[in-house]
Amino acid sequence: AQSVTQLDSQVPVFEEAPVELRCNYSSSVSVYLFWYVQYPNQGLQLLLKYLSGSTLVKGINGFEAEFNKSQTSFHLRKPSVHISDTAEYFCAVSDHQGGSEKLVFGKGTKLTVNP
Amino acid sequence: AAGVIQSPRHLIKEKRETATLKCYPIPRHDTVYWYQQGPGQDPQFLISFYEKMQSDKGSIPDRFSAQQFSDYHSELNMSSLELGDSALYFCASSLGGGRPGRYFGPGTRLTVL
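Quick mapping for you: the protein sequence lines, in order, are chains A and B. Residue 4 is where the first sequence starts when you use the numbering used here, and the numbers rise one by one after that. Residue 17 is where the second sequence starts when you use the numbering used here, and the numbers rise one by one after that.
It is worth saying that the hints were derived from the structure and are not from the lab. A virtual CB, placed ideally from N, CA and C, is assigned to each residue, including glycine. Watch out, some of these pointers could steer you wrong.
Partial pick of chain A residues on the chain B-facing surface, computed with a CB cut under 8 Å [unchecked claim]:
| id | residue |
| --- | --- |
| 1 | Phe17 |
| 2 | Arg25 |
| 3 | Gln45 |
| 4 | Gly46 |
| 5 | Leu47 |
| 6 | Leu49 |
| 7 | Gly56 |
| 8 | Arg80 |
| 9 | Phe93 |
| 10 | Leu106 |
| 11 | Phe108 |
| 12 | Gly109 |
Computed Cβ-Cβ distance ranges for the label pairs, DEER-style [unchecked claim]:
| id | chain 1 | residue 1 | chain 2 | residue 2 | range |
| --- | --- | --- | --- | --- | --- |
| 13 | A | Ser55 | B | Met69 | 21 to 31 Å |
| 14 | B | Ser96 | A | Glu19 | 46 to 56 Å |
| 15 | A | Asn117 | B | Met69 | 33 to 43 Å |
| 16 | A | Phe17 | B | Arg32 | 42 to 52 Å |
In isolation and in its complexed conformation, chain B is listed as follows (with noise of 0.2 Å):
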């Protein structure tokens, strides 16, 4: 079965650039989660997105940005990067209107040099 695809895998970007994380969903899936997981950490909710309107707000920097396109799937970006910023960035997809199944990409490695 098709599952939930990040691009790219590993990312490597030094200080103050920016960085573009894709996620495409499973087939049908009209709604798209994003989370951080910091090392040894769990993961946290950044932002989410239902037929292409955001749905709701974690606790994502204001030096990142999101979107759901017309094809469902769902950008990242994330400038002025930090250390800090340095984690694994999952995306979820699901089937919305309270349907509350959760498929978890493979995520996205970002390491910030």
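With the rest of the complex left out, here is chain A (with noise of 0.2 Å):
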């Protein structure tokens, strides 16, 4: 069975400052990795997924993550955050054998941008 960590349940960073949300996943097959973001009283939007391939992957609004396989991770960071990214983001898993797709996620972070 897979589960996600979200090492961070609150972080707090002032406007401009760089910020990473950690993220951690176990699985015993190989996964596919997606990061969503929920803003207040709304639904999930899709920020980026890992499928295979470049190990750093850029998504919207700016945001990249990087799938490290030793360290079974898939942080997100962004260089330079703006008030409008306050929000909650989620890490989420899927595994692509034995024909279940469905998304296993973590407790989530929620980003407070501070001007």
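Using the hints, build the complex out of the two chains.
See the structure below:
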């Protein structure tokens, strides 16, 4: 079974500072990895995904993530955050064996960008 | 681009009532997933359908049932509603057969009083 651990439940940063949201996963098979953003009272928006190939994945809104197989991590980064990045961020994993493609989510990290 | 559509967006029910949530996937997507997100919680997988057949089942209560229709839209039927069913219910769609994009709808917020 897969699981996802988001190491920080809350991350406060100042505007224009860099940010890293940490995500570790466990799985016995090859996985796909995703980051979603959820703004207050809204749905889940896909930020980026890793399927295969280059381990550095670039997403929307200036975010990027790096897949590290040896450390089973998929940390999300942005070099300079904006107030509008304040939201909850979910890391998720799905495996691509056995026919099940359901997502398993982490508990989320609430990013608060302060002026 | 067309997105996943869910209706209704908000629903208020009394305990022990029934509710039906609808999901219309992105055109040509043949796979639908349902998730439940309780207040302050991460989304939990309920059930999925591929080509109108149930493809996987998660933590869906026996009081809930779902199906996917010939036009690929899906309905989640919830009976004997309990206070704990109050949550945001997301539908996601993808093109099956090993293509793992996931596109979520805006969710239906169900409040059980």
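field: leucine 49(A) as chain B interface residue, shortest Cβ-Cβ below 8 Å
entry: Hint on leucine 49(A): holds, closest Cβ of chain B at ~7 Å, below 8 Å.
- request: With chain B as the partner, please determine if arginine 80(A) meets the hint condition of a C-beta pair closer than 8 Å.
  value: violated (21 Å)
message: Please check whether phenylalanine 17(A) passes as an interface residue: C-beta within 8 Å of a C-beta belonging to chain B.
response: Since chain B brings no Cβ nearer than about 25 Å to phenylalanine 17(A), farther than 8 Å, the hint is violated.
message: Looking only at beta-carbon atoms, does the pair phenylalanine 17(A), arginine 32(B) fall within the given range of 42 to 52 Å?
response: Given range 42 to 52 Å: holds, Cβ gap about 49 Å.
message: Less than 8 Å between beta-carbons is the criterion; does arginine 25(A) satisfy it with respect to chain B?
response: Violated. Min distance 15 Å.
query: Holds or violated: is the Cβ of leucine 106(A) closer than 8 Å to a Cβ in chain B?
result: Where the cut-off is 8 Å and the nearest Cβ of chain B is about 6 Å from leucine 106(A), the hint holds.
task: Identify whether the interface hint at leucine 47(A) stands, where standing means a beta carbon of chain B within less than 8 Å of its own.
output: holds (4 Å)
task: Evaluate the given range 46 to 56 Å for the C-beta pair formed by serine 96(B) and glutamate 19(A).
output: holds (51 Å)
- request: With chain B as the partner, please determine if glycine 56(A) meets the hint condition of a C-beta pair closer than 8 Å.
  value: Violated - the Cβ of glycine 56(A) stays beyond 8 Å from chain B, reaching only about 14 Å at its closest.
Chain B contact restraint for phenylalanine 108(A) - C-beta distance below 8 Å: At 4 Å from the nearest chain B Cβ, phenylalanine 108(A) passes the 8 Å test, so the hint holds.
message: 33 to 43 Å was suggested as the range; check whether the CB atoms of asparagine 117(A) and methionine 69(B) agree with it.
response: Given a distance of about 49 Å, which is not inside 33 to 43 Å, the answer is violated.
query: At a threshold of 8 Å, is the proposed contact between phenylalanine 93(A) and chain B supported by beta-carbon distances?
result: Since the shortest Cβ distance to chain B is 6 Å, the answer is holds.
When each numbered hint is compared with the structure, violations occur for hints 1, 2, 7, 8, 15.
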